[in-house]
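J.: Using the sequences and the hints given, assemble the complete structure.
If you read the protein sequences in the order shown, they are chains A, B and C. If you're matching positions, the first sequence starts at 0 in numbering that gives the first Met the number 0 and goes up one per residue. If you're matching positions, the second sequence starts at 0 in numbering that gives the first Met the number 0 and goes up one per residue. If you're matching positions, the third sequence starts at 0 in numbering that gives the first Met the number 0 and goes up one per residue.
None of these hints come from the bench; they were simulated from the model. The beta-carbon is built from N, C-alpha and C at its ideal position, and this holds for glycine as well. Treat the hints loosely; a few may be bogus.
30 Å max Cα-Cα, derived DSSO-like pairs, lysine-lysine [claimed, not checked]:
| id | chain 1 | residue 1 | chain 2 | residue 2 |
| --- | --- | --- | --- | --- |
| 1 | C | K335 | C | K203 |
| 2 | C | K203 | A | K97 |
| 3 | A | K16 | A | K54 |
| 4 | A | K154 | C | K335 |
| 5 | B | K50 | C | K335 |
| 6 | C | K281 | A | K54 |
| 7 | A | K48 | A | K16 |
| 8 | B | K150 | B | K50 |
| 9 | C | K308 | B | K50 |
| 10 | C | K96 | A | K16 |
Label pairs and their computed distance ranges (CB to CB) [what the hints assert, rightly or not]:
| id | chain 1 | residue 1 | chain 2 | residue 2 | range |
| --- | --- | --- | --- | --- | --- |
| 11 | B | R62 | C | E316 | 56 to 64 Å |
| 12 | C | E43 | A | P136 | 24 to 32 Å |
| 13 | A | L131 | C | E220 | 50 to 58 Å |
To give an idea of the interface, some chain C residues facing chain B are shown, with a C-beta separation under 8 Å as derived from the structure [claimed, not checked]:
| id | residue |
| --- | --- |
| 14 | P28 |
| 15 | R77 |
| 16 | M140 |
| 17 | F161 |
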Amino acid sequence: MTTETPKPSSVEIDAVKVTLADSLVGVALEWSEFRDQYRVVFPATELLKCLNAFKSAGFEQLSDLTAVDLLEYSNATDRFEIVYCLLNVDTGLRMIAKTYLNEPDLTIPSATSVWSGADWLEREVYDMYGILFSGHPNFKRLLLPQEFQSFPMRKDYPVKGRGERHNFPVITRAES
Amino acid sequence: MATQINKQLGDNVFLTTLDAAASWGRANSLWPMPFATACCGIELMSTAASKHDLSRFGSEVMRFSPRQCDLMIVAGRVVMKMLPVLQRIWLQMPEPKWCISMGACACSGGVFDTYAVVQGIDRFMPVDVYIPGCPPRPEQLIRGIIDLQEKIQKGGTINAREFKLRILPEGPPRFDEDELIRIRERNGFKLDDPTYDPVH
Amino acid sequence: MPLELLESPDLNANQREGLWTLNFGPQHPATHTTLRLVLQLDGEMVIDAEPDIGFLHSGFEKLGEVLDFNQYVTIVDRMNYISPMANEIAWHHAVEKLLGIDLTPRCKYIRTIFAELMRIHDHLLCLGTCVLDLGGATAFMYAFNEREAIYEICERASGQRFHTSYTRVGGLLYDVTDDWVTMVRDFVRNFPKVYRDFSGLLMKNRIFVERTRDVGVLSREEAIAGGATGPVARASGVVRDLRRDEPYLAYEDFDFDVCASQGGDCYARFQVRMMEMLESIKIIEQAVENIPAGPIFAAGTGKESMPDKREVYRSIEGLIHHFESVMPNRQMQAPKESVYAATESPNGELGYYIVGDGSFRAYRARTRPPSLLHFSLFSRMMRGCMLSDVVAVLGSINIIAAELDR
Chain A
0 MTTETPKPSS VEIDAVKVTL ADSLVGVALE WSEFRDQYRV VFPATELLKC LNAFKSAGFE
60 QLSDLTAVDL LEYSNATDRF EIVYCLLNVD TGLRMIAKTY LNEPDLTIPS ATSVWSGADW
120 LEREVYDMYG ILFSGHPNFK RLLLPQEFQS FPMRKDYPVK GRGERHNFPV ITRAES
Chain B
0 MATQINKQLG DNVFLTTLDA AASWGRANSL WPMPFATACC GIELMSTAAS KHDLSRFGSE
60 VMRFSPRQCD LMIVAGRVVM KMLPVLQRIW LQMPEPKWCI SMGACACSGG VFDTYAVVQG
120 IDRFMPVDVY IPGCPPRPEQ LIRGIIDLQE KIQKGGTINA REFKLRILPE GPPRFDEDEL
180 IRIRERNGFK LDDPTYDPVH
Chain C
0 MPLELLESPD LNANQREGLW TLNFGPQHPA THTTLRLVLQ LDGEMVIDAE PDIGFLHSGF
60 EKLGEVLDFN QYVTIVDRMN YISPMANEIA WHHAVEKLLG IDLTPRCKYI RTIFAELMRI
120 HDHLLCLGTC VLDLGGATAF MYAFNEREAI YEICERASGQ RFHTSYTRVG GLLYDVTDDW
180 VTMVRDFVRN FPKVYRDFSG LLMKNRIFVE RTRDVGVLSR EEAIAGGATG PVARASGVVR
240 DLRRDEPYLA YEDFDFDVCA SQGGDCYARF QVRMMEMLES IKIIEQAVEN IPAGPIFAAG
300 TGKESMPDKR EVYRSIEGLI HHFESVMPNR QMQAPKESVY AATESPNGEL GYYIVGDGSF
360 RAYRARTRPP SLLHFSLFSR MMRGCMLSDV VAVLGSINII AAELDR
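T.: Next comes the structure, spelled out in structure tokens:
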């Protein structure tokens, strides 16, 4: 029933670093570490190439895909941060891969061809932040109504909305 | 049939006893339709399950088809995407029908004062009994149902005349902070204006 | 029916002619909450199932950017509402990782006991309601009777039976009392008997077994690529459990097995959930007998954690401490960093990605909901099943709409 899985360690991430340096020649990867978590920033222009390289380096599962709007973040130079939380299922090693994106061109290639689990996660990011993923098989809003106009998780959208929640017909007792 | 009798006999006959008999019957055989969207739905299940046993109060026959029910229990928050569904299901229910708004979210939006959550279903449809709590305990739901039964017994009529008198949805007045925000926006306040605070 | 229909999901108009579309939900008893499926049917065979979600999207993550780390715990409670405390533990696990707080042993043990109670809580409801949808009401009644016992344990500790909001940054709302320990002991003693009855009603019930076996099969490769975790992944042969692989709280101290199966069908998923309940009882039994004494709040400069309630009411230092911990300009400051931390919630890997901006609130509080990734695999599981299997598959992956939509 049980099998022993070794704990992730810095040795493993060093091996990953070497593998990635081989497969991604000429791509600037920026590594950092915080509370035992390994993070890498890669350029958005080489997105699919990088993601494929990450998958070949053993990260078979996309744990999470999300975005951060850095509009009000102090000292931030970019508008959006796209975050891929990756997991090596066999060794349990995690890596957080990030890339930055700026207006006006908010289009990046879809990761669905690399990890099929990216499907809904990308649709959610589009729904909340308005970031477009080219090459996605079924690209539309995931959570909000299709006719919704704004992208609510952007920092310039108020918490209480712009009155969309009040825009419905009223049914009275006499009508029903 | 009741209306025909009314027409023929005019005001010469008082139907109080018949009203009372009908109301008594309706009050004690409520068929709830659980419109369970969130946490309150689980407490609704608890109420119907072994320990709290809602069937002691004559309303355990939960029916999920709106055509078979006369009491809608809206348990949980209702959001933008769900409200048209809720209204449609309410319109599908046959008269006479009642509505219980269970939990803080259905009554007023609760802790979810956000862009997506409808701030109380009573803004858009009639509600008879409100049950506070987040979520209400099963005892509170049972109390709410007993209160509704009393309400039906006291004010119910055999041809549901009492509903015709109520033309507006009940509940608090519908002017609030959000209205103010929208008025401000209509008057040309812009988000990039430093003095504009959309939240407060 | 012609087999090639099953093979190719992208049918042309001619092939689509014989099919009909069925709208399942958003208000349907088997969805438990609110989700919608658009099913393409050929007779009774499901050709394609397209989920439509968002009927409970309430802006949780937007609220996470407005409320501080302690306030937001009341909101995460309402995320997976069939195991509320598991969300709290996951949220504060991530917050404490961002702030770099080490919990006291007592706090770790109490949180572990609650995390495992919540696992039983969740699995009982998942199994009970699924078998209710499949036509058996008895097991549901048994499950809810046991759930009430857990509600009472929660109520004794926190004062609320459902949404407890019990954890705080670096500690807990209140310390537990001796009669709470007695209640947990009673629960541990009584549970195996109820489990036998429950198991007999479920896993030995021929109708239940035949309706779930070989239904909704998910292969190991699909589970990994699709991001499945928790019981769904373990039932497909992915032996991964964060309690063992990335030990958090006090799980390192306890002896327990990770339950897994090779089947990948609904029956395997239910089996894994059933076995996990017994393992949880094992952990609770070990933990409740060995709760260490000591404070529940992590020691430090004082700003990390809320003070003990008794001190707030009885001493001026405690009162000042309390005020400082709730005033936005005097609170502890989170580093300007981001962190992803996950716990093994009953449904799978429940992770939080938090970005700190130097204040005591999250700049971005992203939830990684297990339900979302599991539900995105739903159409793959459904292909080739019958209409009546929709209910079984939905029940087996335990979709919680509030967690799905947030």
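J.: Determine for every hint whether it applies to the structure shown.
T.: Each hint tested on the structure:
no.: 1; hint: C:K335 - C:K203; result: violated, 54 Å
no.: 2; hint: C:K203 - A:K97; result: violated, 49 Å
no.: 3; hint: A:K16 - A:K54; result: holds, 13 Å
no.: 4; hint: A:K154 - C:K335; result: holds, 18 Å
no.: 5; hint: B:K50 - C:K335; result: violated, 49 Å
no.: 6; hint: C:K281 - A:K54; result: violated, 37 Å
no.: 7; hint: A:K48 - A:K16; result: holds, 16 Å
no.: 8; hint: B:K150 - B:K50; result: holds, 26 Å
no.: 9; hint: C:K308 - B:K50; result: violated, 34 Å
no.: 10; hint: C:K96 - A:K16; result: holds, 24 Å
no.: 11; hint: B:R62 - C:E316: 56 to 64 Å; result: holds, 59 Å
no.: 12; hint: C:E43 - A:P136: 24 to 32 Å; result: holds, 27 Å
no.: 13; hint: A:L131 - C:E220: 50 to 58 Å; result: violated, 29 Å
no.: 14; hint: P28; result: holds, 4 Å
no.: 15; hint: R77; result: holds, 6 Å
no.: 16; hint: M140; result: holds, 4 Å
no.: 17; hint: F161; result: holds, 6 Å
Consistency with the previously given hints fails for numbers 1, 2, 5, 6, 9 and 13, ordered from lowest to highest.
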